[in-house]
Amino acid sequence: DAGITQSPRHKVTETGTPVTLRCHQTENHRYMYWYRQDPGHGLRLIHYSYGVKDTDKGEVSDGYSVSRSKTEDFLLTLESATSSQTSVYFCAISEHRVTYEQYFGPGTRLTVT
Amino acid sequence: TQLLEQSPQFLSIQEGENLTVYCNSSSVFSSLQWYRQEPGEGPVLLVTVVTGGEVKKLKRLTFQFGDARKDSSLHITAAQPGDTGLYLCAGDNYGQNFVFGPGTRLSVLP
Numbered sequence: 011d012a013g014i015t016q017s018p019r020h021k022v023t024e025t026g027t028p029v030t031l032r033c034h035q036t037e038n039h040r041y042m043y044w045y046r047q048d049p050g051h052g053l054r055l056i057h058y059s060y061g062v063k064d065t066d067k068g069e070v071s072d073g074y075s076v077s078r079s080k081t082e083d084f085l086l087t088l089e090s091a092t093s094s095q096t097s098v099y100f101c102a103i104s105e106h107r108v109t110y111e112q113y114f115g116p117g118t119r120l121t122v123t
Numbered sequence: 022t023q024l025l026e027q028s029p030q031f032l033s034i035q036e037g038e039n040l041t042v043y044c045n046s047s048s049v050f051s052s053l054q055w056y057r058q059e060p061g062e063g064p065v066l067l068v069t070v071v072t073g074g075e076v077k078k079l080k081r082l083t084f085q086f087g088d089a090r091k092d093s094s095l096h097i098t099a100a101q102p103g104d105t106g107l108y109l110c111a112g113d114n115y116g117q118n119f120v121f122g123p124g125t126r127l128s129v130l131p
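For the record, the sequence lines run as chains H and F.
Okay, so the first sequence: first residue is 11 according to this note's numbering, each after it adds one.
Okay, so the second sequence: first residue is 22 according to this note's numbering, each after it adds one.
I should point out that these hints are in silico values taken from the structure, not numbers from a laboratory.
Keep in mind that the hints are not guaranteed to be accurate.
Stated by the list, open to error - Quick look at which bits of chain H chain F covers, simulated, 3 or more residues with Cβ under 8 Å: (1) 27–36; (2) 77–88.
Unchecked claim - Label pairs and their calculated CB-CB ranges: (3) H:Arg-19 with F:Ala-99: 13 to 21 Å; (4) H:Asp-64 with F:Pro-60: 45 to 53 Å; (5) F:Thr-72 with H:Thr-87: 39 to 47 Å; (6) H:Pro-49 with F:Tyr-43: 17 to 25 Å; (7) H:Val-22 with F:Thr-72: 44 to 52 Å.
The beta carbon of each residue, even a glycine, is placed where N, CA and C say it ideally should be.
Input sequences plus hints: build the corresponding full structure.
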């Protein structure tokens with residue numbers, strides 16, 4: 011299994027508070043991704059990174075920001091959490107060679123009350 | 022926007038039965054991956070198909086990529102309870118974007 015950890019694994023927070031989720035990899039893969047997974051929507055890309063300090067928006071980036079200061083860490087921040095951001099968040103890594111398989115972390119279940 | 026549809030959405034079968042699930046799009050992909058996800062865990066890559074018409078086998082699982090690289094199927098022979106999970110297909114367009122289907126939730130009853 012790819013070495014990917016996410017922290018925290020579970021979090022309950024109140025509307026309006028800032029929240030930061032961390033993804034850490036030990037595989038030295040260049041690409042890192044943040045997804046959210048909701049019933050009926052599958053996995054939707056929030057942001058991704060193609061290198062240190064290089065990030066770009068995904069399909070559902072509004073209300074989220076990211077940072078990548080080291081190859082191994084990719085942070086997802088909800089500046090002011092809303093109930094619509096209650097979801098399961100997955101981090102993934104990829105090393106683009108011929109194809110672009112992604113390897114996922116265990117997920118973080120976030121509940122915004 | 023590239024979209025992937027999966028069917029059926031839910032499938033419940035008895036152990037030993039065969040099944041096929043489908044992944045369809047109107048868009049062409051450079052490659053397509055299949056993942057399986059179990060409750061409380063992240064998706065796990067099963068296979069990648071790249072060439073139109075390609076068939077790959079993984080034990081009792083057979084994956085096929087459509088000739089036009091717009092669709093794919095997953096066939097499971099003699100399903101077992103351990104096959105239970107959410108099956109996701111994901112299409113890639115040379116790294117420009119990566120899109121997941123909504124998944125097929127499979128339940129194999131003993």
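Do the hints match the structure? See the list:
1. Coverage of the segment 27–36 of chain H by chain F is violated. Counting CB-CB distances below 8 Å, 0 residues qualify, and the rule asks for three or more.
2. With 0 residues having a beta carbon nearer than 8 Å to a beta carbon of chain F, the segment 77–88 of chain H misses the requirement of three or more and the stated coverage is violated.
3. Separation of Arg-19 of chain H from Ala-99 of chain F is about 35 Å and departs from the stated range, judged on CB atoms against 13 to 21 Å.
4. Against the hinted window of 45 to 53 Å, the Cβ-Cβ separation of Asp-64 of chain H and Pro-60 of chain F comes to about 34 Å, which falls outside the hint.
5. For the pair Thr-72 of chain F and Thr-87 of chain H, the supplied restraint of 39 to 47 Å holds, since their beta-carbon distance comes to about 40 Å.
6. Separated by about 20 Å at the C-beta atoms, Pro-49 of chain H and Tyr-43 of chain F satisfy the suggested range of 17 to 25 Å.
7. About 47 Å separates the C-beta atoms of Val-22 of chain H and Thr-72 of chain F, a value consistent with the hinted range of 44 to 52 Å.
The structure fails hints 1, 2, 3, 4 (numbered hints given earlier, in ascending order).
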